[in-house]
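A.B. asks: Each chain, letter by letter, is given below.
Number of protein chains: 2
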Amino acid sequence: MSKKDRLSVEPYKGVRDFYPEDQAFLNYLFTTFRTFLAKAGYVEYHASILEPAELYRSKTSDEIVNEQSYLFTDRGGREVMLRPEMTPTVARMVAAKRRELGFPLRLFSIPNVFRYERPQRGRLREHYQLNVDLFGSRSGAADAEIIGVAYGLMRALGAEEKDFVIKVSSRTLLENICSEHGLAEDARATLLSLMDRRAKMSEEDFDRDLEAIGIPKEKLSSEEVPAELAEMIKDFKEAGIENIEYAPDIIRGFTYYTGMVFEVFDTHPKNNRSLFGGGRFDNLTALFEDESLPAVGMAMGDVTIRDFLEVRGLMPTYVPTTHVYLATTAPELAVKVQTLAGEMRRKGVNVAIDFGEKKIGDQLKAATKHKIPYAIVVGEDELSSGEFVIRNLETGTEEKRSRAELPNFFLQ
Amino acid sequence: MSKKDRLSVEPYKGVRDFYPEDQAFLNYLFTTFRTFLAKAGYVEYHASILEPAELYRSKTSDEIVNEQSYLFTDRGGREVMLRPEMTPTVARMVAAKRRELGFPLRLFSIPNVFRYERPQRGRLREHYQLNVDLFGSRSGAADAEIIGVAYGLMRALGAEEKDFVIKVSSRTLLENICSEHGLAEDARATLLSLMDRRAKMSEEDFDRDLEAIGIPKEKLSSEEVPAELAEMIKDFKEAGIENIEYAPDIIRGFTYYTGMVFEVFDTHPKNNRSLFGGGRFDNLTALFEDESLPAVGMAMGDVTIRDFLEVRGLMPTYVPTTHVYLATTAPELAVKVQTLAGEMRRKGVNVAIDFGEKKIGDQLKAATKHKIPYAIVVGEDELSSGEFVIRNLETGTEEKRSRAELPNFFLQ
Chain A
29 MSKKDRLSVE
39 PYKGVRDFYP
49 EDQAFLNYLF
59 TTFRTFLAKA
69 GYVEYHASIL
79 EPAELYRSKT
89 SDEIVNEQSY
99 LFTDRGGREV
109 MLRPEMTPTV
119 ARMVAAKRRE
129 LGFPLRLFSI
139 PNVFRYERPQ
149 RGRLREHYQL
159 NVDLFGSRSG
169 AADAEIIGVA
179 YGLMRALGAE
189 EKDFVIKVSS
199 RTLLENICSE
209 HGLAEDARAT
219 LLSLMDRRAK
229 MSEEDFDRDL
239 EAIGIPKEKL
249 SSEEVPAELA
259 EMIKDFKEAG
269 IENIEYAPDI
279 IRGFTYYTGM
289 VFEVFDTHPK
299 NNRSLFGGGR
309 FDNLTALFED
319 ESLPAVGMAM
329 GDVTIRDFLE
339 VRGLMPTYVP
349 TTHVYLATTA
359 PELAVKVQTL
369 AGEMRRKGVN
379 VAIDFGEKKI
389 GDQLKAATKH
399 KIPYAIVVGE
409 DELSSGEFVI
419 RNLETGTEEK
429 RSRAELPNFF
439 LQ
Chain B
29 MSKKDRLSVE
39 PYKGVRDFYP
49 EDQAFLNYLF
59 TTFRTFLAKA
69 GYVEYHASIL
79 EPAELYRSKT
89 SDEIVNEQSY
99 LFTDRGGREV
109 MLRPEMTPTV
119 ARMVAAKRRE
129 LGFPLRLFSI
139 PNVFRYERPQ
149 RGRLREHYQL
159 NVDLFGSRSG
169 AADAEIIGVA
179 YGLMRALGAE
189 EKDFVIKVSS
199 RTLLENICSE
209 HGLAEDARAT
219 LLSLMDRRAK
229 MSEEDFDRDL
239 EAIGIPKEKL
249 SSEEVPAELA
259 EMIKDFKEAG
269 IENIEYAPDI
279 IRGFTYYTGM
289 VFEVFDTHPK
299 NNRSLFGGGR
309 FDNLTALFED
319 ESLPAVGMAM
329 GDVTIRDFLE
339 VRGLMPTYVP
349 TTHVYLATTA
359 PELAVKVQTL
369 AGEMRRKGVN
379 VAIDFGEKKI
389 GDQLKAATKH
399 KIPYAIVVGE
409 DELSSGEFVI
419 RNLETGTEEK
429 RSRAELPNFF
439 LQ
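Just so you know, the sequences run in chain order A and B.
Those letters in the first sequence? Residues 29 to 440, by this note's numbering.
Those letters in the second sequence? Residues 29 to 440, by this note's numbering.
With a Cα cut of at most 25 Å, we get these calculated DMTMM-like pairs of lysine to aspartate or glutamate:
1. B:K375 <-> A:E189
2. A:K375 <-> A:E415
3. A:K125 <-> B:D330
4. A:K393 <-> A:E360
5. A:K387 <-> B:D318
6. A:K195 <-> A:D224
7. A:K375 <-> B:E72
8. B:K125 <-> A:D45
9. B:K399 <-> A:E128
10. B:K386 <-> A:D263
11. A:K375 <-> B:D263
12. A:K195 <-> A:E251
The hints are simulated quantities; they were obtained by calculation from the structure and are not laboratory data.
Starting from the given sequences, assemble the full structure and let the hints guide the process.
C.D. replies: What follows is the structure, given as structure tokens:
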């Protein structure tokens, strides 16, 4: 094949290939999520990335649906979207089995979600996003539980309390202002969007836009902590958790939030940004059925959290799952080496073999590239004597073991 | 919202929602795969479901690309496909890092793959597919290793040797016939497709189509076992594995296979069908670079294997990850119940709580719907006395424990 006919080895723009070290990090992250959430009584669900497009038209932000969605028409003429977020899907699933499911219902999932973003901005078009949701309770204790889950996940990933702060607010404040001023739904959405962009705007621009909506600025500046949030923050303090605070400027972009909202911020002076967040959404299942079901949840993306762990030195060291590499002195011994590997595997050792097609030096180089910690050169001599030399590929030290003793060396 | 405006709770046609019990099965399947493959020295990789469409045009079957693909144009005008299979992706990834990776290279992944099939046939448009590949060896021992992996995966899922048979053949036989008769590439592809459909055709139709290609039928009926396959089958027998046999009618659909091919069949008299398969593909990375890299691999789908496990009574019983449910006699106690739950979680117990918004009977019904095995009713009396009654929700039996003794009950 000529050079110009060759296919590119690059992935599609804006998505990632996960080679073993990157996949090992994802596995670490997902295992940490699963272990922590099982402890807290949450169970895992999942769904397809394909959803009917109408699922997102009413409640997901217009920017996402109209400008950033992966929207296409299938061969049967149906409008399909690659999910940009998981919340509409879980609301659909819960509404579908309302009678069979018990409430409160604790669910989590780790879906990949898609947004068409211009890749030159360095933003990804696909990422993984842990979604944790609690359906069926209006209790402030449910709000507190989700905030506790956010806190616990950060701790499970190795973060200390000083590394992050959880800022809590409530949509109720804004809703009250809207009602008081008789704002129509359009104006409410405009106000929400304006509040969400506030930190990125000049004060003049913000004041001008706020005036256009017809809200006096002093209405927004109430610094009084709503009673239910004050109570929650006090309860956390009594439980020894100090990094949760009231912050009235926390709004969150999605229109479906109805009550408590929160965001977790990195406290690093050079990276003081929002890591993830969540809130209460009591009306979302009403898209599917008569009765609405109260809910509160959170979502955390893998890219943002990886950045955080890298900056904080909290990334796990890569250790391959393979314990030992069996180098083979000649191709005709490969079957016998595989038999030895089989014996070791049955005792619990993870073993890869070489088929003896290259020189021993090259075989050991391959093992080193794989980052496998140990190697054993297996030839006629070793197979007949039953004595094997285990080489530590990092330090070069060697130890001798009999065939029967081999597995135990790796299981200590 | 009026009834007619409501959104459907159905997923997109031909894909599945995974509620907790179905997700628990997937987790069981994937954990079994990961544990077995780590033992055999394979490491996990992953990639996006989005790939440039040109990746599939040359080597994946025309039927898949032209009639069954999820192909669309993104907002930047690029042709994108939802991957119909994983092999082109892993070949792309290996070619991209050829110099950094060590060989032989053992890789696996559990991607979801997509095909647009008419849903009325009851076929799914998305399924999970374990892909196992071994790159960088031309050895027959590498072919044997992949067949051994297929065998070992079946055993790890609980199948006995009598439950399945592995039928092995080689593309080399067909290639030799093609060369002997000077068949052009088109005619080769036609022959391949014909051979692959043979079992589903009448003998008359098969003979007529074969004659049209210009191959005498007696050429195909060679029952002589190729030497390398005979050797491999003998080695397996010596290792005590009896259910691997030569079957010259095994062809496999994909055009990229170049040598050994195999399929695993259910031996159940009512379900004597192919479960999954694989083979050698030595030229695929040549799509991306000068040098081609030998490879052998296999792929197994989650739907077919679940059917097999169901028919054979090998499905794992669903056990929720939550050990115990704490029912709460009044909403104002929820914070104290959460504190008790926290204590138990720190000792290793998986605990869900109720926030006390419903009657105790309804709270216990919810726990039963969740299939949580135990419940504890927590009220003022229990919190002040420090004595708790643990109720087995299946049998109704009860046992009393002090606050300090509680966690141990669930960790036995």
